[in-house]
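Undergrad: Using the sequences provided together with the hints, build the complete structure.
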Amino acid sequence: MAHTNAVFVVAEAQNGGLATISAELLGAGRAIANALGGPLVAALVGHNVASLAAQLGELGADRVLVADDPLLADYQVESYAPLIGQSVRSLAPAAVLLGQTFTGRELGPRLAFDLETAVATDCVRLSVEGDRVVMAKPVYGGNAVAEYVVQTSPQVATLRARAFEPAAPQAGRRGEVEQLPVQLDPAALRARVVETVRAASTGGPNLKEARVIVAGGRGLGGPENWRHVEELAQALGAAVGATRAVTDAGWVPASLQVGLTGVTVSPDLYLTIGISGAVQHLAGITGAKNVVAINRDPEANIFKVARFGVVGDWKQVLPAFTRKVQELRGR
Amino acid sequence: MRIIVTIKQVPDPDIPPGHFKVDEAARKVVPPPGVAPVLNGYDANALEAALRLKEQVAGTTITLVSLGAAQARDALKRGLAMGADKAVLLDDPAFAQCDSAATAAVLAAAIRKLEGADLVLSGRQASDTDAGQVHLGVASLLGLPGLTPIQRLSPAGDGAVRVERLVEDGHQVLEVRLPAVLGISSEVYEPRYPPLKGIMLAGRAQIPVWGTADLGLTPQHLQPRRLLRRLYVEQREAQVELIAADSPAEAGEQLALKLREAKLI
Ligand SMILES: Cc1cc2nc3c(=O)[nH]c(=O)nc-3n(C[C@H](O)[C@H](O)[C@H](O)COP(=O)(O)OP(=O)(O)OC[C@H]3O[C@@H](n4cnc5c(N)ncnc54)[C@H](O)[C@@H]3O)c2cc1C
Ligand SMILES: Nc1ncnc2c1ncn2[C@@H]1O[C@H](COP(=O)(O)O)[C@@H](O)[C@H]1O
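Residue numbers (numbering that gives the first Met the number 0), protein chains in the order written: chain A, 0 to 330; chain B, 0 to 264.
No wet-lab data here; the hints were simulated from the structure. One should not assume that every hint holds.
Stated by the list, open to error - Covered by chain B, according to a simulated footprint, are these stretches of chain A (three or more residues, beta-carbon under 8 Å):
1) 70 to 77
2) 96 to 104
3) 144 to 152
4) 175 to 181
5) 187 to 200
6) 215 to 227
7) 266 to 279
Said to hold, decoys possible - PhoX-like, lysine-lysine: derived pairs with alpha carbons at most 25 Å apart:
8) A:K303 to B:K85
9) B:K257 to A:K288
10) B:K85 to B:K196
11) B:K262 to A:K288
12) A:K303 to A:K207
13) A:K303 to B:K20
14) B:K257 to A:K303
15) A:K207 to B:K262
16) A:K314 to B:K27
As the list claims (entries may be wrong) - Short derived list, chain A residues pointing at chain B, Cβ under 10 Å:
17) L51
18) A53
19) D113
20) I293
21) R306
22) R328
Note that beta-carbon positions come from the ideal geometry of N, C-alpha and C, so glycine has one too.
TA: Below you can see the structure in the form of structure tokens.
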């Protein structure tokens with residue numbers, strides 16, 4: 000089949016609005032579409048999402064395809080992949096972009112393989128050479144960068160959150176909105192969503208959007224010491240994050256895991272306590288503007304990316320630090 | 000229940016960053032001397048999940064498949080020692096250039112030759128590619144649901160499992176009719192240490208090797224769709240300012256003052 004030079008973006012909705020990844024996908028998609036000289040198409044699938052179509056137009060989509068149906072309320076790969084796959088097939092775009100979200104990391108590869116093409120996941124940079132998109136992504140835990148080129152069409156990529164400049168909305172800009180027909184037979188689905196369990200809120204700011212994050216690692220020694228991390232976070236009005244060593248040990252919920260296989264964050268200040276700075280953890284904080292480390296091992300890798308650091312036992316350093324922070328911030 | 004676990008051997012992910020080297024011309028990692036490759040961590044989690052199912056569901060068998068060079072036997076033996084029943088190595092010079100799609104094609108062919116499975120368990124991602132896609136390719140080729148990342152699974156009556164799939168800020172609970180392919184994560188399935196008896200059995204185990212001819216694969220199946228154009232290490236500048244003070248507590252206080260000075264708090 001002949002492929003057009005269109006770029007197809009799979010947008011996502013969250014809590015009744017567009018998920019932040021959507022503007023990032025449209026920002027990256029616009030650059031690729033301009034380089035290829037083709038239109039930018041956005042698809043949005045879900046329930047009660049039709050009202051968000053106009054926003055996708057304002058963010059730069061030339062065409063917006065909407066599939067809105069109660070049966071699509073919960074993302075489920077078996078219902079989403081054929082639906083999006085069908086419209087990708089009929090549009091034959093040059094490239095398809097999704098987010099490296101919990102939706103995109105399952106949907107993107109499935110879509111690519113169902114369409115007998117290929118995907119690069121977790122991309123942090125895209126560029127165009129001729130009619131090919133060069134996809135750069137960290138590999139080996141973040142120790143190296145690989146640049147891939149998909150030779151078949153469409154070229155599929157999933158994009159890491161907060162790695163691409165979001166498109167700025169242009170008031171009044173319109174995309175041509177179309178409804179996608181939805182024909183779903185729930186009985187044919189082999190997987191059924193029973194419920195969605197939200198991790199208990201930590202009370203503080205949301206980890207992904209936080210400007211200040213206090214993150215704790217295995218060096219804290221045990222769950223009984225976690226309150227020291229929370230106390231400091233409270234004093235700073237910060238969100239709390241953790242390493243995989245901590246979430247796998249069950250001290251805190253998995254949703255607090257920062258890193259390659261957890262959340263990607265980009266705060267102004269990322270304060271680590273008892274974190275060694277494994278590349279897989281650092282992969283989640285490449286967007287952090289200032290990293291601070293308290294660690295008793297002067298050789299710890301975290302000091303390679305930190306702006307300020309204290310080499311010492313947190314048991315001695317942290318209480319004084321937290322007290323001073325409370326004093327400086329007047330609480 | 001018949002379970003197939005896909006196993007990949009990878010460079011040790013705990014290699015200190017300073018020892019990590021790439022041969023840019025060959026687009027390959029240069030293994031540091033004396034550091035043996037290991038069983039991919041999430042694949043060990045997948046095998047642990049399989050072993051726990053085996054403990055719950057009578058008559059369960061676990062077969063390991065790995066596409067890799069002869070050395071990947073070590074990863075398979077590790078899996079056998081942990082308690083898997085048998086293992087197959089997929090090794091052929093024609094597999095050397097496999098991309099994710101071709102790897103999925105070889106694994107899917109091996110799963111067919113094994114007459115399928117109720118569950119194919121994979122790691123959510125391999126720690127070299129960090130891609131998280133091969134198992135979804137296998138699912139696509141076999142026409143099965145492919146769900147990932149899964150933190151927990153349990154039997155749910157006849158021919159179904161209940162799984163917890165990670166989503167933003169929590170998890171989704173799904174009931175899945177078998178057969179299915181699942182990408183297993185690390186939250187729950189801490190891999191067990193192989194018991195001595197397992198290690199001895201694994202040492203004696205026969206591991207058959209299957210190549211293109213055994214699997215009925217043609218060059219067309221192995222045609223790469225994605226090229227690795229470049230592989231390189233990005234340099235980071237060390238420029239940390241360490242706070243020196245007479246006591247750790249004083250260092251803590253001075254750190255706070257430094258951050259205030261830099262208008263960060
Ligand atoms: C495929 C893959 C994906 C991964 N994904 C992630 C991910 O997304 N996120 C993630 O975080 N990890 C991830 N990891 C794990 C990662 O490799 C590390 O194992 C993990 O980040 C280590 O966590 P840590 O720094 O808390 O623990 P450790 O590495 O054990 O470090 C603890 C640190 O605490 C210090 N310390 C100990 N006691 C004290 C004290 N009293 N005072 C001060 N300092 C002290 C020590 O010096 C040490 O540096 C992944 C690994 C793999 C293989
Ligand atoms: N060569 C291989 N042999 C066996 N299983 C593999 C191989 N490559 C990938 N897999 C499986 O697919 C999962 C995802 O791999 P990847 O897409 O490379 O991240 C891994 O955790 C393995 O379970």
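Undergrad: State for each hint whether it applies.
TA: Evaluation of the provided hints:
1. 70 to 77: holds (count 5)
2. 96 to 104: Check passed, 4 qualifying residues.
3. 144 to 152: holds (count 8)
4. 175 to 181: violated (count 0)
5. 187 to 200: Three-residue rule met by the segment 187 to 200 of chain A, so holds; n is 10.
6. 215 to 227: violated (count 0)
7. 266 to 279: holds (count 5)
8. A:K303 to B:K85: Given that 25 Å is the threshold and the Cα spacing comes to 44 Å, the pair is violated.
9. B:K257 to A:K288: 16 Å, holds
10. B:K85 to B:K196: Holds, because 15 Å separates the two Cα atoms, which is no more than 25 Å.
11. B:K262 to A:K288: Roughly 13 Å between the alpha carbons, so the hint for B:K262 and A:K288 holds.
12. A:K303 to A:K207: 23 Å, holds
13. A:K303 to B:K20: 17 Å, holds
14. B:K257 to A:K303: Holds: B:K257 and A:K303 sit about 19 Å apart, inside 25 Å.
15. A:K207 to B:K262: Distance ~22 Å between A:K207 and B:K262 Cα, so the pair holds.
16. A:K314 to B:K27: 43 Å, violated
17. L51: At 17 Å from the nearest chain B Cβ, A:L51 fails the 10 Å test, so the hint is violated.
18. A53: Violated. Min distance 24 Å.
19. D113: 5 Å, holds
20. I293: With a minimum Cβ separation of about 8 Å from chain B (threshold 10 Å), the hint on A:I293 holds.
21. R306: Holds, about 7 Å.
22. R328: Constraint on A:R328 satisfied, holds at 7 Å.
In the structure shown, a violation is registered for the earlier hints numbered 4, 6, 8, 16, 17, 18, in ascending order.
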